[in-house]
Amino acid sequence: MRDSVSTTLRLGALALALALAGTATDANAQSRRDREAGEALNQRMLDAEARYRQALVQIANDDPAGINASNAALEDMEDVMLACEKQRGCSVPQLLTTYKRLLKADADAQAGQGPDGPDLDGLEGTLPTADVPAAASASALLAEDERFKRMVQLNPAVQASIRRWLTDMRVSLMTSHENYQYMQHLMSPAFKRSGLPEALLFGILAKESNGRVHARSRAGAAGPLQFMPATGRRFGLGPDGTGFDTRYDPRLSADAAAVYLNERFAQHGNEIEYWLAGYNGGEGRALRIYREANGRSFWDPGVYNQFPAETKDYVPMVIAAAWLYLHPEEYGLTFPKIDTRPATFTLERPASIYELTICMGNGTTRDGYMRALRNLNPSYEADSLLPVGTTLAGTTRMASLYKRWCVRGDRADLAAELVNSDPRAAIVRTGAIEVLSTDGDPPPAAVPPSAAAPRPPEAAPVPARTHRVARGETLGSIAQRYGCDVTALAQANNLRAPAYALRQGQALTLAGCTR
Numbered sequence: 010m011r012d013s014v015s016t017t018l019r020l021g022a023l024a025l026a027l028a029l030a031g032t033a034t035d036a037n038a039q040s041r042r043d044r045e046a047g048e049a050l051n052q053r054m055l056d057a058e059a060r061y062r063q064a065l066v067q068i069a070n071d072d073p074a075g076i077n078a079s080n081a082a083l084e085d086m087e088d089v090m091l092a093c094e095k096q097r098g099c100s101v102p103q104l105l106t107t108y109k110r111l112l113k114a115d116a117d118a119q120a121g122q123g124p125d126g127p128d129l130d131g132l133e134g135t136l137p138t139a140d141v142p143a144a145a146s147a148s149a150l151l152a153e154d155e156r157f158k159r160m161v162q163l164n165p166a167v168q169a170s171i172r173r174w175l176t177d178m179r180v181s182l183m184t185s186h187e188n189y190q191y192m193q194h195l196m197s198p199a200f201k202r203s204g205l206p207e208a209l210l211f212g213i214l215a216k217e218s219n220g221r222v223h224a225r226s227r228a229g230a231a232g233p234l235q236f237m238p239a240t241g242r243r244f245g246l247g248p249d250g251t252g253f254d255t256r257y258d259p260r261l262s263a264d265a266a267a268v269y270l271n272e273r274f275a276q277h278g279n280e281i282e283y284w285l286a287g288y289n290g291g292e293g294r295a296l297r298i299y300r301e302a303n304g305r306s307f308w309d310p311g312v313y314n315q316f317p318a319e320t321k322d323y324v325p326m327v328i329a330a331a332w333l334y335l336h337p338e339e340y341g342l343t344f345p346k347i348d349t350r351p352a353t354f355t356l357e358r359p360a361s362i363y364e365l366t367i368c369m370g371n372g373t374t375r376d377g378y379m380r381a382l383r384n385l386n387p388s389y390e391a392d393s394l395l396p397v398g399t400t401l402a403g404t405t406r407m408a409s410l411y412k413r414w415c416v417r418g419d420r421a422d423l424a425a426e427l428v429n430s431d432p433r434a435a436i437v438r439t440g441a442i443e444v445l446s447t448d449g450d451p452p453p454a455a456v457p458p459s460a461a462a463p464r465p466p467e468a469a470p471v472p473a474r475t476h477r478v479a480r481g482e483t484l485g486s487i488a489q490r491y492g493c494d495v496t497a498l499a500q501a502n503n504l505r506a507p508a509y510a511l512r513q514g515q516a517l518t519l520a521g522c523t524r
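Quick note on numbering: the sequence shown equals residues 10 to 524 in my numbering.
Incorrect hints may appear among the rest.
[Unchecked claim] Only pairs whose alpha carbons sit at most 16 Å apart, straight line, appear in this in silico EDC-like list of lysine to aspartate or glutamate:
(1) Lys201 - Asp56
(2) Lys412 - Asp422
(3) Lys95 - Asp43
(4) Lys95 - Glu48
(5) Lys321 - Glu292
(6) Lys412 - Glu357
(7) Lys346 - Asp376
(8) Lys95 - Glu45
Simulated from the structure, these hints should not be mistaken for lab results.
Everything numeric in this text was worked out from a predicted model, so none of it was measured.
Using the sequences and the hints given, assemble the complete structure.
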């Protein structure tokens with residue numbers, strides 16, 4: 010018992026230290042190397058957690074090696090914590106979630122001890138997983154859960170939601186699935202590490218944004234998983250100092266969602282409906298209703314009717330999308346299969362995502378690659394002219410198409426011409442200028458074009474002017490409007506690449522512009 014108490018105190022101290030460290034988490038953008046280092050530390054923590062849980066089983070079976078194994082695992086976790094505090098890209102909230110799980114596991118183990126030692130009845134099936142779902146797979150938590158199966162079969166709200174996804178919203182469902190495939194390698198690892206079902210991630214994504222990274226609601230929620238600003242800040246999401254809001258980053262938003270849902274699991278257990286109610290309508294309301302429910306399910310009329318209409322629609326829609334993700338064949342669904350092997354490619358000539366979308370063509374897809382390019386490169390506006398040397402994330406297919414069609418040749422030139430065309434240039438007066446008579450007298454002779462005042466050379470630069478940024482404008486669109494070089498325009502106004510963030514009402518100096 011003494012060892013168990015000291016272990017609990019030690020875990021509690023570490024959890025408190027992590028919580029304090031979490032208040033100083035740097036939300037600035039991290040480099041790929043920082044993220045990889047952070048992910049490596051997270052994996053070390055998960056490995057140590059697994060060894061600690063196995064040590065609990067050994068201790069429960071009076072194996073003397075259990076104490077040493079648990080201490081070694083805890084020491085490894087201490088080392089990870091210290092390294093995490095110094096490493097950008099390491100998620101302190103995620104490590105804190107691990108400690109919460111271990112604290113509960115340790116408390117559960119102590120609660121099962123009688124005066125003569127631990128009670129071993131049922132120990133083997135419960136301790137190793139303690140406070141997390143049975144396995145890091147969607148089928149373990151959803152498809153193989155009999156309660157969930159009965160809910161889908163008998164719950165009219167979920168059945169109605171399945172019907173909606175299969176009829177009026179079928180296109181949205183298919184689009185969501187296709188968009189998710191491109192981002193799966195970025196988003197699913199966070200859920201798998203946390204023991205959360207990937208199907209639940211897909212259901213939330215489909216309902217929240219249809220897999221559009223740049224989705225934004227009128228209430229201010231943003232990104233593929235629609236975090237509100239305040240909630241995003243709690244989990245390290247928000248402006249990163251370069252003008253980019255990391256709520257739009259699929260990897261970081263999935264990391265934050267996994268931590269958020271683990272918090273809901275700690276409060277509501279395996280009641281997925283309450284998790285989703287908290288995600289949509291606020292965890293405070295969901296927790297209050299859950300505590301007052303005294304064990305009644307979300308679908309109990311006295312519970313269900315306490316939630317707003319939006320939440321009562323949201324919960325079954327997410328569950329229905331998750332169910333269809335797992336069982337498409339039962340409903341005659343064939344989700345599109347696309348080649349999403351990740352790759353990067355580097356621009357050999359300036360181009361925007363619009364231009365790349367045109368020159369790459371459709372490939373083997375129905376709709377082309379614009380949405381995938383935007384989702385995988387969320388910090389760039391679609392019409393921003395990106396300089397030579399910019400590295401973009403994509404797929405092996407997209408990288409191949411870029412090399413073939415976008416570096417040089419007629420299609421590359423045509424794409425650039427289309428993107429750079431100015432609609433205002435289409436309004437051009439031609440022929441002689443005819444003056445209409447207003448008093449019955451014959452009009453004067455038409456003025457031939459040659460008599461008109463000569464037009465100034467188009468290429469001649471005009472004196473430096475200013476432009477006040479309007480809502481929705483980007484540096485790329487302003488550069489096209491005035492005939493400017495994006496890089497020169499950015500330098501003249503001290504704007505930092507690659508985001509070139511502008512604010513509404515900002516005055517830009519139009520240095521070197523030709524129109």
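These are the hints, each one checked on the structure:
1. Simply put, lysine 201 and aspartate 56 have alpha-carbon atoms about 14 Å apart, close enough for the 16 Å limit, and the pair holds.
2. Proximity of lysine 412 to aspartate 422 is assessed by CA-CA distance (about 14 Å); at most 16 Å being required, the pair is judged to hold.
3. At most 16 Å may separate the alpha-carbon atoms for a hinted pair to count; lysine 95 and aspartate 43 meet this at roughly 11 Å.
4. With a CA separation close to 14 Å, the supplied pair lysine 95 and glutamate 48 stays within the 16 Å bound.
5. Distance check on the hinted pair: lysine 321 and glutamate 292 sit about 15 Å apart at the alpha-carbon level, within 16 Å; holds.
6. At most 16 Å may separate the alpha-carbon atoms for a hinted pair to count; lysine 412 and glutamate 357 meet this at roughly 9 Å.
7. In summary, the hint linking lysine 346 to aspartate 376 is supported, as the alpha carbons are separated by about 13 Å, within the 16 Å threshold.
8. Using a Cα cut-off of 16 Å, the hinted pair lysine 95 and glutamate 45 holds, with the two alpha carbons roughly 14 Å apart.
Consistency note: the structure conflicts with none of the earlier hints.
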